[in-house]
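Engineer: Below are the chains, spelled out letter by letter.
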Amino acid sequence: MGNEIMIKRSVFTSRTLPYLLILPQVVVTLTFFYWPALQGLMQSVMRSNPFGGRSRFIWFDNFIQLFTDPLYLKSIMTTFFFSACVAAVSITLGLFIATMANRALKAKAVIRTMLIWPYAVAPAISGILWLFLLHPSYGVVSYAIKRWLGLDWNPVLDGGDALFMVTMASAWKEISYNFVFFVAGMQAIPMSLIEAAAIDGASPFRRFWTITLPLLSPTLFFVTVMNIIYSFFDTFGVIHTMTQGGPGGATNILVYKVYQDGFIGLNLGASSSQSVVLMTIIIVITVLQFKYVEKKVQYTG
Amino acid sequence: MIMNTRKLMMVFAVVAALVFLSGQVMAEPTTIHWWHAMKGARGKVVDTMIKAFNDSQSEYVVVGTYKGNYDETVNAGVAAYRAKKQPHILQSFEVGTQTMMLSGAVYPVYQLMKDEGYNIDWKGYLQPVLSYYMDADGNLMSMPFNSSTPVMYYNVDLFKKAGIPMLDKEKPVTWDEMGEITAKLVKSGVQGGLTFGWQSWTQVENYSAMHNIPFASKANGYEGLDCELLINNETVVKHIAMLKDWMKDNRFFYGGQKFQGPSAEFVAQNAGVYIDSVSQIAKMQATVKDFQWDVAPMPVEAWMKDPQNSIIGGASLWVFKGHNKKDYKGVAAFLKHLATPEMQVYWHKETGYFPITLAAYEALKKEGYYKEFPYQEVGIKQLTRRDPTKVSRGLRLGYFIQIRNIINEELELVWNGTKTAQQAMDDAVKRGNQQLREFEKTYK
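If you read the protein sequences in the order shown, they are chains A and B.
If you count by the working numbering, then the first sequence holds residues 1 to 301, one letter each, in order.
If you count by the working numbering, then the second sequence holds residues 1 to 444, one letter each, in order.
Honestly, the hints are just simulated from the structure, not real lab data.
For every residue, glycine included, the Cβ atom is placed at its ideal position computed from N, Cα and C.
Hints may be right or wrong, so weigh each one.
What the hints assert, rightly or not - The following label-pair restraints were derived from C-beta to C-beta distances:
#, chain 1, residue 1, chain 2, residue 2, range
1, A, Ser203, B, Gln434, 51 to 61 Å
2, A, Pro118, B, Lys51, 39 to 49 Å
3, A, Gly150, B, Gly40, 37 to 47 Å
4, B, Ala52, A, Phe263, 43 to 53 Å
5, B, Lys430, A, Leu288, 29 to 39 Å
6, A, Val140, B, Asp249, 40 to 50 Å
7, A, Ile285, B, Asp157, 50 to 60 Å
Using the sequences and the hints, build the whole thing.
Structural biologist: Structure (structure tokens):
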């Protein structure tokens with residue numbers, strides 16, 4: 001039956017029609033992606049009055065200033081560290097939950113749906129929610145940490161605590177995202193393999209470690225890249241609502257610094273050059289993804 | 001058929017004429033746009049003030065639009081100006097003063113009022129409020145709108161419990177006395193003594209002004225873009241080091257950069273004393289139910305016999321260039337309206353922000369408002385206790401937002417023990433000066 005399904009090949013008789021059809025997409029891409037990116041690129045080599053009027057071309061002054069600023073380098077390191085933590089936490093937990101949910105459970109569909117919910121929460125809301133739990137003055141959990149665990153929990157003052165707090169808030173909603181991909185990935189693994197291993201006496205952990213995980217590796221890699229991109233950009237809302245880059249710049253990740261210098265501080269040159277750096281980093285990551293990973297990723301089960 | 005077409009055409013003609021005429025009538029009052037950052041209760045007060053103006057005359061209609069918080073409002077103004085769709089009036093926060101002044105986009109208020117034939121006696125205004133928005137020659141660049149200053153809130157119940165006498169509303173306590181007061185508080189079982197919001201504004205900017213210590217060279221930047229920060233001076237460093245020392249026994253504890261954290265600590269009675277803007281009074285009135293509180297002036301050092309005025313925070317109204325003569329007549333009339341005693345008295349009572357004219361202040365005194373709410377007068381007295389000097393009149397720094405941010409960061413590094421007070425203030429000066437040089441290059 002399957003072989004008989006006819007694949008209808010469309011042939012465009014007109015040469016212009018296909019171009020006409022992709023035109024809307026091209027226009028949207030050009031105006032909303034390339035045009036701003038180009039503007040950013042131009043601003044990054046200028047020093048200008050935000051109100052317009054006075055702009056001077058200054059070659060790479062903005063970039064030189066950036067890379068000679070030890071705090072900018074620190075911000076890059078913070079971003080990478082934060083990003084790695086977010087990815088590690090959300091992947092580990094996502095994978096763990098996926099493994100659990102993949103077992104034969106009653107109400108499997110309901111449980112899965114419920115586990116996906118946090119992904120629908122906007123990062124800023126996630127930040128506020130976690131702040132209500134962990135703020136040293138009015139956080140419920142922080143009260144418990146101080147009272148019952150006797151720990152000196154103070155993310156308002158301690159950079160490590162603050163970084164931990166924003167990592168948790170950022171990773172939390174990404175767990176659901178990862179969960180979806182892992183569940184899909186696991187369903188693609190033939191049951192016969194796992195059953196055969198079970199008959200041979202392999203423990204559940206060994207089955208997971210030697211069969212499931214290797215077969216999940218393309219998904220794992222894909223999810224890692226997506227998580228890193230997420231933690232570079234989308235975590236802005238979390239940082240903004242929770243720490244505003246503090247204390248003492250401990251959670252000042254690149255994207256937040258762009259906002260602070262450009263939007264709040266109105267230094268367009270500095271902030272544009274930072275955007276260009278950020279854009280470059282992401283382009284490199286994406287190119288790597290396409291080069292090494294994209295081909296191996298299985299999108300369907 | 002012919003009749004019908006004719007009829008139809010007649011109807012069209014009449015309708016067209018009506019639309020045209022009504023358009024003429026409707027277009028009569030000139031619309032003045034004002035973008036502001038006042039929401040909630042304050043936003044309603046602003047709306048009432050606008051309505052009072054619109055009802056009082058028929059030539060102009062002022063339309064007020066809330067554009068988000070200060071950053072967002074200024075950004076909306078920047079974007080609009082670049083697109084040549086700027087409003088007539090834009091509310092901008094005090095740290096953006098230098099950027100607005102040099103933007104090349106504003107019509108200075110003193111010039112506007114003069115051009116429109118208003119002969120305003122600026123002496124009748126509260127000088128420490130005006131001086132923040134004046135250029136080096138004493139010309140007013142923007143109209144002060146919401147102005148506040150930091151004061152000290154204290155928990156009367158906790159003070160009684162610890163056996164501390166109530167504080168004077170005019171004569172400030174010394175920082176040494178504060179050390180004793182906070183020690184007593186902690187000893188009596190309160191979790192912490194003192195906490196404060198907006199640390200750069202309260203502990204560095206206002207501290208410097210009240211002790212008449214320059215914050216930056218060139219008269220705090222008023223007299224030149226080539227100014228440099230001076231906040232690593234001995235007095236300021238000593239003050240920061242003292243606060244750090246107080247952290248050991250919780251006489252001071254840090255609650256966060258802005259106001260949310262510290263004010264929550266005060267309301268929860270975790271801190272007995274809390275330094276923040278007078279604009280918090282309204283919030284205290286609304287949220288504090290389970291204890292008595294009062295307001296006192298900010299502490300000063302014992303050696304400062306006659307402390308200077310404190311400086312303001314808040315925002316002012318800037319008039320944009322690029323509108324026609326008739327519009328500006330309306331803008332001037334509206335600014336004049338906002339400064340009338342009735343409006344200022346109303347504004348002060350509803351929001352706690354200062355009245356900007358002496359006439360309004362006198363009117364409030366006369367009607368006995370301060371007898372009823374004595375704590376409302378603490379800030380205004382502290383602000384006007386002496387005429388501002390070149391050093392206490394305000395701050396005029398480029399990229400001041402970034403500089404405040406730097407000071408915040410460096411102070412946090414003192415509080416969490418990463419740096420000493422001296423190191424942190426030295427670094428703040430170094431980093432701040434880089435921002436100042438960058439700004440100087442942009443506007444030279």
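Engineer: Do the beta carbons of A/Val140 and B/Asp249 sit within 40 to 50 Å of each other?
Structural biologist: violated (28 Å)
Engineer: The hint says 51 to 61 Å between A/Ser203 and B/Gln434; measuring C-beta to C-beta, is that right?
Structural biologist: Roughly 60 Å apart at Cβ, these two residues keep to the hinted range, so it holds.
Engineer: Just tell me: holds or violated, for the beta carbon distance of A/Gly150 and B/Gly40 against 37 to 47 Å?
Structural biologist: holds (40 Å)
Engineer: Falls inside 50 to 60 Å, the C-beta gap from A/Ile285 to B/Asp157?
Structural biologist: At 57 Å between Cβs, range holds.
Engineer: State, for the Cβ atoms of B/Ala52 and A/Phe263, whether the hinted interval 43 to 53 Å holds or is violated.
Structural biologist: violated (34 Å)
Engineer: Per the hint of 39 to 49 Å, is the separation of the Cβ atoms of A/Pro118 and B/Lys51 within bounds?
Structural biologist: Since the Cβ atoms of A/Pro118 and B/Lys51 sit about 45 Å apart, the hinted range of 39 to 49 Å holds.
Engineer: Between B/Lys430 and A/Leu288, does the C-beta distance stay in 29 to 39 Å?
Structural biologist: With a Cβ separation near 38 Å, B/Lys430 and A/Leu288 satisfy 29 to 39 Å, so the hint holds.
In this structure, the earlier hints numbered 4 and 6 are contradicted, and the remaining ones agree with it.
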